[in-house]
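*Asks:* From first to last, the protein sequence lines stand for chains A and B. Position one of the first sequence corresponds to residue 182 (this note's numbering), numbered consecutively onward. Position one of the second sequence corresponds to residue 182 (this note's numbering), numbered consecutively onward.
Read the hints as simulated data drawn from the structure, not as lab findings. Any given hint might turn out to be false.
One side of the interface only, derived from the structure: several residues of chain B facing chain A at Cβ under 8 Å [claimed, not checked]:
id	residue
1	214
2	227
3	228
4	230
5	231
6	281
7	283
8	284
9	285
10	286
Below, computed lysine to aspartate or glutamate pairings styled on EDC-like, alpha-carbon distance capped at 16 Å [said to hold, decoys possible]:
id	chain 1	residue 1	chain 2	residue 2
11	B	288	A	230
12	A	288	B	230
13	B	288	A	287
14	B	330	B	264
15	B	241	B	274
16	A	202	A	265
17	A	288	B	287
18	B	241	B	304
19	B	333	B	265
20	A	333	A	274
21	A	260	A	287
22	A	288	A	265
The model shown is predicted, which means the values in this text are computed figures rather than measured ones. We treat Cβ as the ideally placed atom computed from N, Cα and C, and that holds for glycine.
Number of protein chains: 2
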Amino acid sequence: MIKAALSVLLVLVAMSSTSGKYIPKSGKRITQTLARGWGDQLIWAQTYEEALYWARSRNKPLMVLFHLEDCPHSQELKKGFSEDNMIQRMLDEDFIVLNLMYETTDKHLSPDGQYVPRIIFVDPTMTVRADIVGRYSNRMYAYEPADIKLLKSNMEKAKKLLKSEL
Amino acid sequence: MIKAALSVLLVLVAMSSTSGKYIPKSGKRITQTLARGWGDQLIWAQTYEEALYWARSRNKPLMVLFHLEDCPHSQELKKGFSEDNMIQRMLDEDFIVLNLMYETTDKHLSPDGQYVPRIIFVDPTMTVRADIVGRYSNRMYAYEPADIKLLKSNMEKAKKLLKSEL
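Construct the entire structure; sequences and hints are all you get.
*Replies:* So this is what it looks like as C-alpha cells:
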C-alpha cells in the first residue's frame, strides 16, 4: 500500500517536472515580450551585442535562436521548446538567451547559411560553437520537434565552457 | 464674448497639441516594452538589422538613439523627448525608431565615438546621415533637453531622403 502510494507520488513528481508551465524558482515573472512564445518566463536579450555582453560578464553560454513567425517549422519547434520544462529551466538558470527574426551582420552566426529555425551556441569567450550541431548535414544547426532530446544534450555540451576559469 | 471664448479654445488647442500623452491617430496602443520610456506608443525595432530592413522596405528614415538607464543626461533628454507630442507624432508617422543600450559592431553608428545620449539618423538607402549633427563639436550627435527644437529641425532634414524615388 505504501509502495503503491509512493509510486503514484513518483509518477506525479515526474509528471510535474515535464508538464505544466515552467515557473522560475524565484517566482513567476510577467510575460517577457521579447519571448515571442519561446519561453515567456525567460529574460531574453534584445540584441546580439547585448547578449554577448551578458554572456561574457556572467560567464554563461549564449543560445541564439533564429526563427520566423510565418515559418511552420519554427512554429512546431517553438511548441515543443516552450513546453519543455527542463529546457526552459536550463535556459533560465544556465544560459543567456536571444531570439531573432532578422539576421545579424555577423557571419559567424550563419556557418552554413541563413535559414530558420536555427540554433547557434556561443561560448562566453565569444567563440561561436560551430561544433555543436544537430542531425541534418545540409542544415547543421536546424532542429525539428523530434530533436528536443538532442537539443538538450547539445545544451549540456555548451555548458562545458571552453575556458572554465576566467 | 465670442472672441474671448475663441481665445480660450485656441489656448486649449495649443496646449493639447504640446502637452498630454501622445496618442496615435489609429488609437492608443498597449505600452511598447522596448520603448524604455522614450515613447511608449511608438513601435520600436528590436535590432539595428531589423530597423534597417524596415527603413528600406517602408522608405522611411531611421532614428537610432543610444542611451543608458543610469546616465542622468539620457534621463533628462528622455523626459523632454517623450513628452513632446510633435516629436512623438513625427517619429510614429514618418520614422523607424530604435533605441539601444548596447553599442552595435557597426562603426558607422559612432562617427565620433561611443557616448550617450547620442542620436544618429540613417537614410532608407542605408546611409548614415553623419551630416545631421547637434550643437556640440566634441560630441556631435549629443542632444540636451534644451536642444529639442534643433532635434526637430534635424528630424525634418532626415525626412528629406537622399534618394526620394526608389
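*Asks:* Next, verify each hint and record whether it holds.
*Replies:* Taking the hints in turn, this is what the structure says about them:
1. 214: holds, 5 Å
2. 227: Holds, because the Cβ-Cβ distance from residue 227/B to chain A comes to roughly 6 Å (cut-off 8 Å).
3. 228: Since the shortest Cβ distance to chain A is 5 Å, the answer is holds.
4. 230: holds, 4 Å
5. 231: holds, 4 Å
6. 281: holds, 7 Å
7. 283: Because about 4 Å separates residue 283/B from the closest Cβ in chain A, which is inside the 8 Å limit, the hint holds.
8. 284: Hint holds; residue 284/B Cβ to chain A Cβ min 6 Å, cut 8 Å.
9. 285: holds, 6 Å
10. 286: Result: holds, 7 Å to nearest chain A Cβ.
11. 288/B x 230/A: holds, 13 Å
12. 288/A x 230/B: Given pair residue 288/A, residue 230/B holds - Cα atoms ~13 Å apart, limit 16 Å.
13. 288/B x 287/A: holds, 13 Å
14. 330/B x 264/B: holds, 13 Å
15. 241/B x 274/B: holds, 9 Å
16. 202/A x 265/A: holds, 8 Å
17. 288/A x 287/B: Roughly 13 Å separates the two Cα atoms, so the pair holds.
18. 241/B x 304/B: Roughly 7 Å between the alpha carbons, so the hint for residue 241/B and residue 304/B holds.
19. 333/B x 265/B: Given pair residue 333/B, residue 265/B holds - Cα atoms ~10 Å apart, limit 16 Å.
20. 333/A x 274/A: Cα-Cα ~14 Å, so holds.
21. 260/A x 287/A: Given pair residue 260/A, residue 287/A is violated - Cα atoms ~28 Å apart, limit 16 Å.
22. 288/A x 265/A: The hint is violated at about 30 Å.
Checked against the numbered hints given earlier, the structure breaks hints 21, 22 and satisfies all the rest.
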